[in-house]
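Number of protein chains: 2
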Amino acid sequence: MSLIDALTRAHPALEVLPASAATAPYAYDAGTRRTPVEHGPVVAFPATAAEVAAVVRTAADLGVSVVPRGAGTGLSGGASAGADQLVVSTERLTRIVEISPADELAVVEPGVINADLNTALAPYGLFYAPDPASYAISTLGGNIATNAGGLRCAKYGVTRESVLALDVVLPDGALVHVGHRSIKGVTGLDLVSLFVGSEGVLGIVVGATLRLRPLPVARRTLTAFFDSTGEGARALGAITASRVRPAVVEFLDEPTLRDIDAHSGSDLRRRGASLALVELDGFGIDEQTAELITALTAAGGRVAVVPDGEAPLLWELRRSGRGLGQGAPTWYVGEDIAVPRSALPAVFDYFPVLEARYGVRVSAVAHAGDGNLHPLLKLPIPPGLEGTPAPPALGAAATDLVAFALSRGGTVSGEHGIGTVKLDWAALELDDRVQRLSHAIKDAVDPDDVLNPGKALPAPVLQPA
Amino acid sequence: MSLIDALTRAHPALEVLPASAATAPYAYDAGTRRTPVEHGPVVAFPATAAEVAAVVRTAADLGVSVVPRGAGTGLSGGASAGADQLVVSTERLTRIVEISPADELAVVEPGVINADLNTALAPYGLFYAPDPASYAISTLGGNIATNAGGLRCAKYGVTRESVLALDVVLPDGALVHVGHRSIKGVTGLDLVSLFVGSEGVLGIVVGATLRLRPLPVARRTLTAFFDSTGEGARALGAITASRVRPAVVEFLDEPTLRDIDAHSGSDLRRRGASLALVELDGFGIDEQTAELITALTAAGGRVAVVPDGEAPLLWELRRSGRGLGQGAPTWYVGEDIAVPRSALPAVFDYFPVLEARYGVRVSAVAHAGDGNLHPLLKLPIPPGLEGTPAPPALGAAATDLVAFALSRGGTVSGEHGIGTVKLDWAALELDDRVQRLSHAIKDAVDPDDVLNPGKALPAPVLQPA
Chain E
1 MSLIDALTRA HPALEVLPAS AATAPYAYDA GTRRTPVEHG PVVAFPATAA
51 EVAAVVRTAA DLGVSVVPRG AGTGLSGGAS AGADQLVVST ERLTRIVEIS
101 PADELAVVEP GVINADLNTA LAPYGLFYAP DPASYAISTL GGNIATNAGG
151 LRCAKYGVTR ESVLALDVVL PDGALVHVGH RSIKGVTGLD LVSLFVGSEG
201 VLGIVVGATL RLRPLPVARR TLTAFFDSTG EGARALGAIT ASRVRPAVVE
251 FLDEPTLRDI DAHSGSDLRR RGASLALVEL DGFGIDEQTA ELITALTAAG
301 GRVAVVPDGE APLLWELRRS GRGLGQGAPT WYVGEDIAVP RSALPAVFDY
351 FPVLEARYGV RVSAVAHAGD GNLHPLLKLP IPPGLEGTPA PPALGAAATD
401 LVAFALSRGG TVSGEHGIGT VKLDWAALEL DDRVQRLSHA IKDAVDPDDV
451 LNPGKALPAP VLQPA
Chain A
1 MSLIDALTRA HPALEVLPAS AATAPYAYDA GTRRTPVEHG PVVAFPATAA
51 EVAAVVRTAA DLGVSVVPRG AGTGLSGGAS AGADQLVVST ERLTRIVEIS
101 PADELAVVEP GVINADLNTA LAPYGLFYAP DPASYAISTL GGNIATNAGG
151 LRCAKYGVTR ESVLALDVVL PDGALVHVGH RSIKGVTGLD LVSLFVGSEG
201 VLGIVVGATL RLRPLPVARR TLTAFFDSTG EGARALGAIT ASRVRPAVVE
251 FLDEPTLRDI DAHSGSDLRR RGASLALVEL DGFGIDEQTA ELITALTAAG
301 GRVAVVPDGE APLLWELRRS GRGLGQGAPT WYVGEDIAVP RSALPAVFDY
351 FPVLEARYGV RVSAVAHAGD GNLHPLLKLP IPPGLEGTPA PPALGAAATD
401 LVAFALSRGG TVSGEHGIGT VKLDWAALEL DDRVQRLSHA IKDAVDPDDV
451 LNPGKALPAP VLQPA
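Top to bottom, those sequences are chains E and A. Counting with the UniProt record's numbering, you get residues 1 to 465 for the letters of the first sequence. Counting with the UniProt record's numbering, you get residues 1 to 465 for the letters of the second sequence.
Hints listed in this document are in silico derivations from the structure and should not be mistaken for laboratory results. It is possible that part of the hints are untrue.
When chains are identical, the list treats them as one kind, so a pair holds in a single copy or across two.
Claimed, not checked - Distance condition first, Cα-Cα at most 25 Å in a straight line; then the derived SDA-like pairs of lysine to any residue:
(1) 155 with 120
(2) 155 with 388
(3) 155 with 305
(4) 155 with 137
(5) 155 with 63
(6) 155 with 408
(7) 155 with 319
(8) 155 with 216
(9) 155 with 123
Keep in mind that this is a model prediction, so the values were computed, not measured.
Construct all of the structure, not just a fragment, from the sequences and the given hints.
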């Protein structure tokens, strides 16, 4: 029996799209969209956790592998699907089941959009801290599957730190609950943390109990402009050396300021050659502001407090990206490396080395508070070569930069995940024994490789017998 | 060949104690000390990570199982060992390898005492946040193995939130590194979190990269006394409803205040029938103090700011415990349940129910900020019955209370772990499928059950074929 027949027979009420040109958008996510397909996979839209479980069981019985999918905003190909796979979309699981101010938690279905939860929480004076750049369009289930980061992580933690409990559909269709509604809890292995960030290879999140926080009593945005990228990158250490821990520290290098100005009409580059954009929050906002101004000024910054009315515009400039897709056509690779904070200046210093060695252009914004950078490596496409693959130099430069981050104790992915796109880089990071250990765990949880096969975990070199 | 012969032959420089009466203290930890043994296990004291790896390999080759041990301060039997097992002590692995203020991290060996790290960090203006009550005597390796909590967890997180990377000896003696020196990182499965809190059943931590924080710019201690335990427990919700998030909120009920007064000569009970002992820290300490005084006063508290000179004494009274072992001989059971904060009043209200039903005495202190309680259930021992087992009513009352916590969305262990002592209770919390999943992961990592067999994971009911 075909998959689509089996699904509609076993689950008459299930919304399901047959494999067709219409489901082609479900064949890729934002990380693999550049190589579109003609024909998409079968896509199921279960409306309840039990329906997810039943659909997975049906697929497993037929030997069809399952690709879990939230909003498809992932940047690493974690939600891309082959024509012979079943995509299980969580788009219909959009209920905010509970908001408990007394316990500072919310219980949600996985298809809830990150920003929608915060909209619902605002009247309670609460917020959900993890704020990936995609917060307006990405789902909480996807955020959990990738252990999504964001701007506020240095102070408030990544997604993992905000997940108390999960309802998970296992690869055989069993529905389990792990974790608890209490803040603390150490009973048994920490399966919540194991599922968070596992990119759908161990289970499908169908419910989550999320930790909330009180909205800060005050917020303040500061800018610190510097005369060069290097000076700014080195000045970031002054924040660590102070006693202030901002909610957000974004660092934008010189090419990034120029790019933003070019596509937004702003005048950032005129004000300096690099920018630390800082948000303070919480009690004692004036004390915090004074201490940070002292620290950054001593480090060479021209520091200003941004009037409250102007702050949203600056943050919007930062979040709106760097104008890719505008101007001359360009081959590009986006990275997501993270390094120990002290290594940030060395990373920016390495960009000119890469540019000289490979003929590419390199720039980056950094979530400087946690050492996470998003370097962008670009090569202009000569006239007539649009649509052709990038020259090997671009990929070589990207891999060179990844290796540099690893040599400084960093990681190939700070927050986007591995998916399919970063498998080769992940293999550079994880030693062979760790790769085999990870696959042993995957095999223990999913012996038939039903869930998201081939994603997230680089294939280990086989051990000689 | 005997284990001791194999160890001394393979590792001539290894410090090792043969099984004897002298090693009897290594047969139990602080959770199982009440049932001492005559004869202890073989104990090895490796001095390097490589030596730990080699010793584990030797034991595995001989089919001898290994019990990892830090300072033996655990309260759940996780480090207790049979006479046929090998105890691998980390007592010789006491180096603080690195302190990096720029990256806010320390690299340590597992035998470093928690308090010793903080002593070393103070000159840098940094601290390591997790502070189990045993911080003066427990090792960081043991803290990691149990995902230890403490008083400051509601604000600063439990041990897991402070572990960036681990060096781990696997059950076959392989030495692996997982995690990174960056704050963020999502490459592959979160093996760091899997090892943290796994109570030595998956690997032995031989090195750890720990996240540090700046010492707060200010600290302030407040007391809030209430006219009854119930009134105080209900008032705790006023803290959550405020925008202040204290570093510590300890709640002491009426019998606890009396016990402390009896063994310390203090006069807490005269000042009220329950006490919320609060530490605020960070910027805006006066604003925080004012908002919290308003909130707790409105909730019925008699709130006072404790003069700085007197605060350490109060915290010492809290940490020194409740005078167990003094006064009339008593059978007792100590618990470590955690519940959603809103359920704290219900738990305290349940104590009189238990007392009436089982004839026991019940009291508790609570890490109220994260809903973690340490109830103490006691039965006086009638003259002549010292040394005899407690009547079944005591255990029945303890299990009844655990079930109550679970019914409120809580957990049987907030921070002490399961070890051997709480296996039956863990089985009440974890559904059968989750137990089987946990064992499947244990089997994948440790197929020969070399490391700490029988601990931490309740044995699942066997699935019918």
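Hint by hint, here is what the structure shows:
{"no.": "1", "hint": "155 with 120", "verdict": "both (23 Å within a copy, 24 Å between copies)"}
{"no.": "2", "hint": "155 with 388", "verdict": "neither (43 Å within a copy, 52 Å between copies)"}
{"no.": "3", "hint": "155 with 305", "verdict": "within (20 Å within a copy, 28 Å between copies)"}
{"no.": "4", "hint": "155 with 137", "verdict": "within (23 Å within a copy, 30 Å between copies)"}
{"no.": "5", "hint": "155 with 63", "verdict": "neither (44 Å within a copy, 46 Å between copies)"}
{"no.": "6", "hint": "155 with 408", "verdict": "within (23 Å within a copy, 30 Å between copies)"}
{"no.": "7", "hint": "155 with 319", "verdict": "within (18 Å within a copy, 28 Å between copies)"}
{"no.": "8", "hint": "155 with 216", "verdict": "both (12 Å within a copy, 14 Å between copies)"}
{"no.": "9", "hint": "155 with 123", "verdict": "both (23 Å within a copy, 23 Å between copies)"}
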